[in-house]
Amino acid sequence: MSERERIAARIRALRAKTVENGCTEAEAMAAAEKLAQLLADYNMTMDEADLRASPFGDHVHDAAGTVALKLWKPASAIAKLTNTRYWTGGRAAPTRITFVGLTHEVEIAAYLLAICERAMRTESAAIMHAVRRLPHIKQAARVMPFLDGMADRLAARIRAMIPPQPTGRGLVVLRNALITEELARRGVEIETGSARRPMNWGAYRDGQRAGDGVALNPGVAATSAARALR
Numbered sequence: 001m002s003e004r005e006r007i008a009a010r011i012r013a014l015r016a017k018t019v020e021n022g023c024t025e026a027e028a029m030a031a032a033e034k035l036a037q038l039l040a041d042y043n044m045t046m047d048e049a050d051l052r053a054s055p056f057g058d059h060v061h062d063a064a065g066t067v068a069l070k071l072w073k074p075a076s077a078i079a080k081l082t083n084t085r086y087w088t089g090g091r092a093a094p095t096r097i098t099f100v101g102l103t104h105e106v107e108i109a110a111y112l113l114a115i116c117e118r119a120m121r122t123e124s125a126a127i128m129h130a131v132r133r134l135p136h137i138k139q140a141a142r143v144m145p146f147l148d149g150m151a152d153r154l155a156a157r158i159r160a161m162i163p164p165q166p167t168g169r170g171l172v173v174l175r176n177a178l179i180t181e182e183l184a185r186r187g188v189e190i191e192t193g194s195a196r197r198p199m200n201w202g203a204y205r206d207g208q209r210a211g212d213g214v215a216l217n218p219g220v221a222a223t224s225a226a227r228a229l230r
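Going left to right, the sequence shown walks through residues 1 to 230 as UniProt numbering numbers them.
Calculated directly from the structure, the hints in this document are not laboratory data.
Take the hints with a grain of salt, since some may be wrong.
[What the hints assert, rightly or not] Pairwise CB distance ranges (calculated):
no.	residue 1	residue 2	range
1	Ser2	Gly89	24 to 32 Å
2	Arg186	Ala16	26 to 34 Å
3	Ala30	Asn217	41 to 49 Å
4	Ala215	Leu174	31 to 39 Å
All figures in this text were calculated on a predicted structure; none of them were measured in a lab.
Every residue, glycine too, gets a C-beta built ideally from N, C-alpha and C.
Take the sequences, apply the hints, and build the full model.
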């Protein structure tokens, strides 16, 4: 535990010393004075002290098939919405997607990714059924651009749900720093990849339209997401 983490823990303990919690009025006053002094000495806010107590969590999502090849697109947008970090791949499963961040934000990320995968599988299965008599290479030429379009549209809709950043960016910077520290403790290094452009633009646009029809927000509407993720 770093010195700043120790101070944050001490601040939280001092805040709990109240008359309602069994302290005398004199003890509560002394605790409040010490708390204020620590906040001033270490240039810390109560928000930072609370954030440093938040538990980190992770979620591993294993996918297979053609859908798995495109699932990273909505996953990338989900990570931005939920203030988590994500990466794909791993020794156990090349189509594995992992989120790391504050526990409640990772839970939202897992929920949204499951919605996206289910929708993409349902729609791609319908396309595969329609082209089942075609040669395999022509099936792929129809399905893969469709999934590209659907994944891109889902990602765009998720990014549109990101709430405006608050005026003070101190907590945003702190949150990112804490997640970076957590990844370092886990020995995780994230590299940036790139995507290929689709060839069948008709199928791509069909996929975009399918992405527009997915209900992303039963419980994660933009307003509720803004409250949960700030």
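Enumerated hints in conflict with the structure, sorted upward: Violated hints: none at all, because every hint is consistent with the structure.
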